[in-house]
Amino acid sequence: MMRIEATTLTSYDHLVRPDAVHGDVYTDPGIFREELGRIFSRCWVYIGHESEIPRPGDFKRSTLGTRPVILCRDRDHRVQVLFNRCRHRAALVCLPDSGNAEGFRCDYHGWHYRLSGELAGVPYAEAYEHLDMGSLGLGKPPRVSSYRGFVFASCAADGASLEEELGHPCMEQIDLFCDLSPEGRIRLQAGVSKLAYDGNWKLQMENSIDGYHPNFTHQSFFAGMRGPGGARVDMFDGNSTALCRALGNGHTLLDYRRYNASHAHARIEALQASSWGRRYYQDLVAAHGEQRAETVLSAGGTHMNVFPNLVVLGQQVRTIRPIRHDRTEVLLAPALLEGVPDEINTQRLRAYEAFYSPQGGGIHDDIEMFSRVTEGLRCDYDPWLLFQRGRHREQEDEDGTIVGQVTDEVSQRAMWRRWKALMETS
Amino acid sequence: MSDLQHRVEQFLYREASLMDENRYEDWLALFTEDCRYWIPSNREGADPTREVSILYGDHAMLETHVRRLASGNAFAQSPPSRMRRIVANVVADADDAGEIEATANFVVVEIRLHAQRLHAGRSLYRLVEHDGGLAIRYKQINLVGIDEPQENITFLL
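Residue numbers (numbering that gives the first Met the number 0), protein chains in the order written: chain A, 0 to 425; chain B, 0 to 156.
All clues given are correct.
Now the stretches of chain A that chain B is said to cover, found in silico as 3 or more residues with beta-carbon under 8 Å:
#	stretch
1	191-204
2	341-349
3	361-368
A few chain B residues that don't get close to chain A, going by computed Cβ distances all over 12 Å:
#	residue
4	4
5	6
6	16
7	28
8	58
9	86
10	108
11	110
12	117
13	127
14	132
15	134
One-sided and incomplete, this derived list gives chain A residues near chain B with beta-carbon spacing under 8 Å:
#	residue
16	216
17	220
18	222
19	352
20	356
Since the hints were made in silico from the structure, they are not lab data.
Where a beta carbon is used, it is the ideal one built from N, C-alpha and C, also for glycine.
Let the hints inform the model, and build the full structure from the sequences given.
Here is the structure:
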């Protein structure tokens, strides 16, 4: 009997509409498996930052979709992304989360590999009739590329370059984030807040650039800062001048630049209050010029999703790690700035922790909502989640980005458009 | 049992009850105005000025923390966790200046929204005499899961 291969070319019209998404996209294990193939095996996926592996031999473990990988720097100072799986019988060759090593050895049968991935040795090799050592190095995603130290890997041999994939508006935001340093460099060497929840990874993606929820989900944070009555902030109200933007390719931004413009001088003045603040400001002006210094201080970093798994937000670089359709880990690494007084970095850490650390005032209220959504999704009475907010008033801006008011769902719609396009392409 | 050991144990048991019962303001009242509170992240012995913490700060930070939790709208604690914790392995020593160094292990059984979780760690204290009793000048909590992905740990530790 002829076996009929199931074709996997599917339309996702029944799951993603321009203004609504079916609940199955968060709960169906089959869709999760397809995402691993069509999104995480094809897109440029964020792996880590070069500052995490400054010296030859430095490594850290990461994931490409659900595949374990090693990000490391080889003897020639080249950044490598290696699949963490022995070519012999598949055991991990690197167990610690990070460290410095001469190479990677599989503890199961002793096969060992260079930092560049080549197979360096096989115990008792005479027992193999033909062992092509040259073809048995650790696997590597076919393409690895970085922008300002952010390392991405793609399992697709061909396709858009990283810079084409990110696009100018997205790279401009990464520039704003890095240029808070007079040297234009960030350093991810300050530890990582690790969080986990029982729910789909896309709940965190949607939420990271959701300008509608802060005044509700996070009212206790604002009340804690300001006391009773301070439960809402005008930055996130329905009349705020803050914006949200679709930057292209599913990358999205909460854009505070217009809102912050009126606060820029207050920020610069706050820096004048201390000797280290004055030094930071002077160094920033000396390095970037007065206008650029004002621009980066006014922006105060960025608040951006880079599809599918990176968020650059406030002081932090966040990685979203899908584990299963109903399990997600989120890694939040506060970024230190190179070439600034220590006090600036300490201040960044404390500001970050106030909201984003596991005992901080914000992140777990978000995760609480992901739990409530996940439980609510068990009810399929009306399976659609609504994303039409502000659709009638979104506009294309001069730079080709699509813009709306900060509480509009421009960003989620853009994310879902990209998701659908990728899932429909075989 | 020495008088010091007994006093410290009773104090830590009282603190444990206040945390278990989400009595935020009463718990905060155990700390001195010049206190430090620290839950390291990723590894013990990190430098909190250069590395991220799970929580680090002074009395003002704790006030903000407690005010938020008590607001009723801190949704990760609304409804709040139900908890009981065991505090044990208490070791206490007074130094020449009259400050008491104490360490204790803890295990918390916590239930929230029908899910039961276990949390454990070791707390390091510096206690001082205050109003005829003891007060916390320094508290550091080293979680066993210091480097693990944290589920909801927004209750008092």
